[in-house]
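Asker: Each chain, written out:
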Amino acid sequence: MTSELISLTAAETASKVASGEVSAVEVANAHLDRIGAVDERVHAFLYVDREGAIAAADAVDKARAAGEQLSPLAGVPLALKDVMTQKGIPTTCGSKILEGWRPPYDATVTARLKAAGVVILGKTNMDEFAMGSSTEHSAYGPTHNPWDLDRIPGGSGGGSAAAVAAFEAPLAIGTDTGGSIRQPAAVTGTVGVKPTYGAVSRYGLVALASSLDQAGPCSRTVLDAALLHSVIAGHDPMDSTSVTDPVPDVVGAALRADVKGLKIGIVRELGGEGYQAGVRQRFDEAVTILEGLGAEIVEVSCPHFPYALAAYYLILPSECSSNLAKFDGVRFGIRVGEGDGDPSIEQVMGRTRAAGFGDETIRRIMLGTYALSAGYYDAYYGQAQKVRTLIQRDFAAAFAQADVLISPTAPTTAFKLGEKLDDPLAMYLNDVATIPANLAGIPGMSLPVGLAPEDGLPVGLQIMAPALADDRLYNVGAALEAALLQTWGHPILQEAPSL
Amino acid sequence: MSETPSISREDVAHLAKLARIDLPPESLDHYAEQLAVILGAVAQVSEVAADDVPATSHPLPLVNVFREDVVRGSLTAEEALSGAPSVESDRFRVPRILDEE
Chain A
1 MTSELISLTA AETASKVASG EVSAVEVANA HLDRIGAVDE RVHAFLYVDR
51 EGAIAAADAV DKARAAGEQL SPLAGVPLAL KDVMTQKGIP TTCGSKILEG
101 WRPPYDATVT ARLKAAGVVI LGKTNMDEFA MGSSTEHSAY GPTHNPWDLD
151 RIPGGSGGGS AAAVAAFEAP LAIGTDTGGS IRQPAAVTGT VGVKPTYGAV
201 SRYGLVALAS SLDQAGPCSR TVLDAALLHS VIAGHDPMDS TSVTDPVPDV
251 VGAALRADVK GLKIGIVREL GGEGYQAGVR QRFDEAVTIL EGLGAEIVEV
301 SCPHFPYALA AYYLILPSEC SSNLAKFDGV RFGIRVGEGD GDPSIEQVMG
351 RTRAAGFGDE TIRRIMLGTY ALSAGYYDAY YGQAQKVRTL IQRDFAAAFA
401 QADVLISPTA PTTAFKLGEK LDDPLAMYLN DVATIPANLA GIPGMSLPVG
451 LAPEDGLPVG LQIMAPALAD DRLYNVGAAL EAALLQTWGH PILQEAPSL
Chain B
500 MSETPSISRE DVAHLAKLAR IDLPPESLDH YAEQLAVILG AVAQVSEVAA
550 DDVPATSHPL PLVNVFREDV VRGSLTAEEA LSGAPSVESD RFRVPRILDE
600 E
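Going down the list, the protein sequences come from chains A and B. So that you can map any letter, position 184 of the first sequence is 184 in our numbering, and since no number is skipped, the others follow by simple counting. To convert a position in the second sequence, counted from 1, into our numbering, add 499.
Bound conformation, chain A alone (with noise of 0.2 Å):
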């Protein structure tokens, strides 16, 4: 029975939640049987609010008996990325400066599922304040990829994708800033989505770069990640970035599932040289079956894509710099140093902060810093802040010939724990296709296609939509993976080792 309720679908759960078949309260345990069982060798979560967890499913429960309608995902349980606050459940980032807060308030998303009766099994691990491609800088440790322990589970958001790869959750909140929902989504053999710049509330969400941040869904299907997306997108007037047109209709689009006539635009910038010939192996695949069902297939050049790498990491360093100042010993978190001779305030920061930040948070905000200061500003901000300008031309340019645009997620499948940790540089080409999405603010998708022939394992594909189009991305995905469903008779996470 365990195995049975771990591997349905969020979908699937819901309508036997709802229908009596079995309680939420079974389904919760059945999860946390799983966690206990096999996450001490993923590690995906950094905390696990059993109680809480119990809690909240015994309510949906509750609401049952007492004839009451549910929300669509009720009952259905959920991993929460640690950047999103949830009161009074720890919330680290996956740093140390934060170890032991616990926030006072709700995060508006966490606020929403909670409203929508969605059981919030813990917090999931991550790249210190999301940076990074391998969950490798987070404080607590690495998560492991399902597919091989041994391998990154993609980052930042690693601990949410391999909650959902490894059936510890059916569901997963991650947050992408320059692709750390899709990265992990394509090399755990998951569905993640990064919606329309300000299409979900950033209240509660802590801060890395604010102009790029958003949070997103993390699923094994893209019916599931539209059910979530629908639960937590939508204005809020607790966020001034919070775009006030109306969501679009992700779940019907889903549920469409139909290409034909339509117009995809695969990015000539994004793909051939530096990607592994596995990886364009299965995109091409998926080309050819996406053509099969109807799509028009057209070429598309962006040719300032070259250069949105550079500019990603001028922009990130610089707003990461300003927002993590708040980390400072004063108002949460720790403090370090205050005993040792009678320092001053800023001594004592100094102290907190080198004690309490990883090595790539401290490059990261020397780096902004050093683009900001004086001197330097016009010649690495300014010039960045152009050449975003131009990507964003570029995209215009391609969605008047294309309705969506794909490539591959990830330039390569993934690699071993610790391959990339010494070289900053190439941890940050893992990035190179996602990031012009997050710099335009366009939403975008990543699904599984297939296991690269060399390595076995999963390849990810994206799909990239106009702002405020994001269903397209849900009516694309839906299409494409039923056929490719249908091409291996089961889904791809069956062919995962057993952990």
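Careful: at least some of the hints might be erroneous.
[Said to hold, decoys possible] Restricting the straight-line Cα-Cα distance to at most 25 Å, the calculated cross-link-like pairs of lysine-lysine (DSS-like) are:
{"no.": "1", "chain 1": "A", "residue 1": "Lys-326", "chain 2": "A", "residue 2": "Lys-87"}
{"no.": "2", "chain 1": "B", "residue 1": "Lys-516", "chain 2": "A", "residue 2": "Lys-416"}
{"no.": "3", "chain 1": "B", "residue 1": "Lys-516", "chain 2": "A", "residue 2": "Lys-326"}
If you are wondering where the hints come from, they were derived from the structure by calculation, not from laboratory data.
Fit chain B to the known structure of chain A by using the hints.
Answerer: Just chain B now, kept in the frame of chain A:
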């Protein structure tokens, strides 16, 4: 046309001071080397962006958002102070702010 900027030990020490990170002296060379490599790579942004290209700071056209100034619930002092490393008389307690001299 972009050249690798040279970042010295002293530069790193200065940046660390600006960023309020008390780095151990033995780590300065390591960071200097890595920052130089990263800056060398990102400096290519200057190759493409011409003078007539406007800067974009944000993906959305932003306007100020206002709400009515009405009294509403907020955190209690106890809740607001709950995560602080040091508290005294309902306030955040901090080390001394002024220098000795």
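Asker: Evaluate each hint against the coordinates.
Answerer: Hint check:
1. A:Lys-326 with A:Lys-87: holds (20 Å)
2. B:Lys-516 with A:Lys-416: Violated, at roughly 35 Å.
3. B:Lys-516 with A:Lys-326: holds (16 Å)
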